[in-house]
Amino acid sequence: MSSVLSTAMADLDEDVVLAEIARLQGSGTPSLEIISALQEGMAIVGQKFEEKDYFLSELIMSAEIFNEAGKLLGTEATDAAGTLGTLVLGTVHQDVHDIGKNIVRSVLASHGVKVIDLGVDVPAAKFLEAIREHRPAAVGISCLLTTCFGNVKACIEEIDAAGLRDGLKILVGGGPLDEAAGRYVGADLVCKDAMIAVDWFKTRAAAAA
Amino acid sequence: MTTPTNPGQAYGQRLARMKAAVALEKPDRTPVISWSDAFCANHVGAPMSRFSSDLIYSGEVTARSFELLPGFDAAEMAVAEPDWVAAVFLSKMKIAGRDLPEGTPWMVDEQERIAESDYDVIAERGWFGFFVPWAQQNLGITVPSYIQQSIAARIEGTKRLAAIGVPTYTVAFGGGTPLEALSAGRTMSRFVRDLHRIPDRVQAAMDATHPQMIGVVKQAIRESPVKPFSVFVGLARSSPEFFGPKLWDRFVWPYLKSMVEAIIEEGVVANLHFDSCWDRELPRLREFPKGSCVFACDHATDIRLAKKILGDRMCIKGDVPSAMLSYGTPDEVRAYCKALIADMGDGFILSPACTMPANAKLENVMAMLEAVEA
Ligand code: B12
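Quick note, the sequences are listed as chains A and B, same order. First residue of the first sequence? That's 8 in this note's numbering, and the numbers climb one at a time after it. First residue of the second sequence? That's 39 in this note's numbering, and the numbers climb one at a time after it.
Just chain A, same shape as in the assembly (with noise of 0.2 Å):
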């Protein structure tokens, strides 16, 4: 395990990841291996937006160094690190916020989740589409306005209606989207943040185990 990486990836050097994974793959380190460096400076960006020294411009910046990473690596690796299961996400239909979405994304991408991301203003039939193809273990469905939760709510009785539901749990976020809204909606879980989706994967996979 590299510790420059990890390091690197905390302290958000995007110039020093970036030549350190290329440095690692020149001298042959799998794959895997370097990911799991980069998932362990993840971590401890996450610990340091919980202790209030990092905020969400730092869990932003760390989602782009992760992203600009992930391209270096390849798609294959990145799905093969995905060992906790399969998320689709997207922003609901008529709906553009995606700056928590992409939060969303990249912490659990570190955290080990495969995050098939479908970006915003998603129709219903987008998420159907994604969910036959990729089978994941939850869909998650980004709202910040008030003038969507109906949309989530279709989309929910969508995913219902095509038989979909059986063995998918559906995960809900966004700013004003609280319980009520959760009910309302039909949703499995209200996530106020990224790390309630981390512990639903983690504790479904231990059950599992």
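Since the hints were derived computationally from the structure, they do not count as laboratory data. Among the hints, a few may not be true.
[Said to hold, decoys possible] Each computed BS3-like pair below joins lysine-lysine, with the alpha-carbon atoms no more than 30 Å apart:
#1 A:LYS199 with B:LYS346
#2 B:LYS284 with A:LYS199
#3 B:LYS64 with B:LYS295
#4 B:LYS256 with B:LYS197
#5 A:LYS55 with A:LYS78
#6 B:LYS399 with A:LYS160
#7 A:LYS160 with B:LYS130
#8 B:LYS284 with A:LYS59
#9 A:LYS133 with B:LYS376
#10 B:LYS295 with B:LYS328
#11 B:LYS399 with B:LYS197
#12 A:LYS55 with B:LYS295
#13 A:LYS59 with B:LYS345
#14 A:LYS199 with B:LYS376
#15 A:LYS199 with B:LYS132
#16 A:LYS55 with B:LYS346
#17 A:LYS59 with B:LYS295
#18 B:LYS295 with A:LYS133
#19 A:LYS160 with B:LYS132
#20 A:LYS55 with B:LYS284
Could you slot chain B with the ligand onto chain A? The hints should help.
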């Protein structure tokens, strides 16, 4: 409290109430105001397409909505200008009838629209040297003529509201921090990366932008035919929730402080419309003179903490949660507002968190209005 039926008297009573709250004196009752935005179109059954694209019409519809809800002491804004809101964020707006089905509220289409090299262009040519040709080319907006139209519509909207006895609470002249536009035009993630990789170039662009914006705001206040009650300083991504002290002290606070001071210098109230969580930096806002600002929060800031820290310096406005207004019950809304009024005391204006949700239930809006009546 009965509202006088004469519009002039009603206007005076409402204005006095707001002034007392801002001056931290005791109003006859807690003022209640709303930035009703797209809610107005739904409320009066006006087509969203026209409301979103016709400035004068948006003012008419806004006035109609307020006429139907006489409990409000002010309309926060007199017109809705989605295309302009998007333009100042270097973005395009999707609106009903043009890009979206009828009835859909507008949607900012935020993409990476400016390049890293544009920081240098802004640093060299100043904000307007960059923005005016950029808006023409990328958004099809001719800035000078748009501003003329917008000013005319705002004046007309303000007069229309005054004619039914409703003051207009605020007007936006571009008061904010350069971070808001740049982080939107670059997208938040690119922008954050820029702050880490090329902070000096970002700052050079900000330093070239900000004095010009201050100049525009000051001039607009002076030339305004009706003296605005307050001038809008709208911040969201500048919030301490996004940036730790180091970045915030460099890229937010100096700009925020000088903008607010410039507005106060012109003798108008600074409307600190600060979305997201400001808890950490609330003490900083004590630096502004007593009674010169209103701190408006969107339910992400702890409003009671704001009262504790700022209550003896400035009026606080907020913060009925969006989800409660759209999906809660009138009882919930009434209870929330009553508790807030009791805890906040004088120097408080009741309002929705940020804007009234487009799909707020009318009975919930009514419950909010009832809550201020003893
Ligand atoms: C930044 C912002 C914008 C930016 C968005 C930029 C972007 N690329 O995302 C812009 C300017 C484009 C924007 C536009 C609008 N916005 Co806006 N915006 C915000 C603001 C200030 C912050 C949102 C944010 O990024 N927060 C930071 C992130 C990290 O938090 P988060 O998204 O909540 O995500 C965290 C958790 O909730 C959770 N989470 C979120 N999703 C998920 C999903 C899963 C699966 C999981 C596990 C967890 C999870 O994890 C995240 C990380 O911790 C909020 C106010 C607020 N306090 O929330 C308003 C807010 C969301 N906007 C609002 C409004 C009204 C609008 C507009 C309609 C404004 C207008 N009139 O034009 C448009 C609508 C655009 C559209 N159709 O989507 C309102 C919505 C209220 C309502 N009525 O429903 C808010 C709440 C402000 C307010 N109080 O009025 N906005």
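The hints, checked one at a time:
1. A:LYS199 with B:LYS346: holds, 26 Å
2. B:LYS284 with A:LYS199: Between LYS284 (chain B) and LYS199 (chain A) the Cα gap is close to 26 Å, so the pair holds against 30 Å.
3. B:LYS64 with B:LYS295: holds, 28 Å
4. B:LYS256 with B:LYS197: Roughly 22 Å separates the two Cα atoms, so the pair holds.
5. A:LYS55 with A:LYS78: Holds. LYS55 (chain A) to LYS78 (chain A) sits at ~25 Å (cutoff 30 Å).
6. B:LYS399 with A:LYS160: holds, 18 Å
7. A:LYS160 with B:LYS130: holds, 28 Å
8. B:LYS284 with A:LYS59: Roughly 13 Å between the alpha carbons, so the hint for LYS284 (chain B) and LYS59 (chain A) holds.
9. A:LYS133 with B:LYS376: violated, 44 Å
10. B:LYS295 with B:LYS328: Within the cut-off at roughly 15 Å; holds.
11. B:LYS399 with B:LYS197: holds, 28 Å
12. A:LYS55 with B:LYS295: Distance of about 29 Å is within 30 Å: holds.
13. A:LYS59 with B:LYS345: holds, 23 Å
14. A:LYS199 with B:LYS376: Since the Cα atoms of LYS199 (chain A) and LYS376 (chain B) sit roughly 26 Å apart, the hinted pair holds (cutoff 30 Å).
15. A:LYS199 with B:LYS132: Between LYS199 (chain A) and LYS132 (chain B) the Cα gap is close to 29 Å, so the pair holds against 30 Å.
16. A:LYS55 with B:LYS346: Cα-Cα ~28 Å, so holds.
17. A:LYS59 with B:LYS295: holds, 24 Å
18. B:LYS295 with A:LYS133: violated, 45 Å
19. A:LYS160 with B:LYS132: holds, 23 Å
20. A:LYS55 with B:LYS284: holds, 15 Å
In this structure, the earlier hints numbered 9 and 18 are contradicted, and the remaining ones agree with it.
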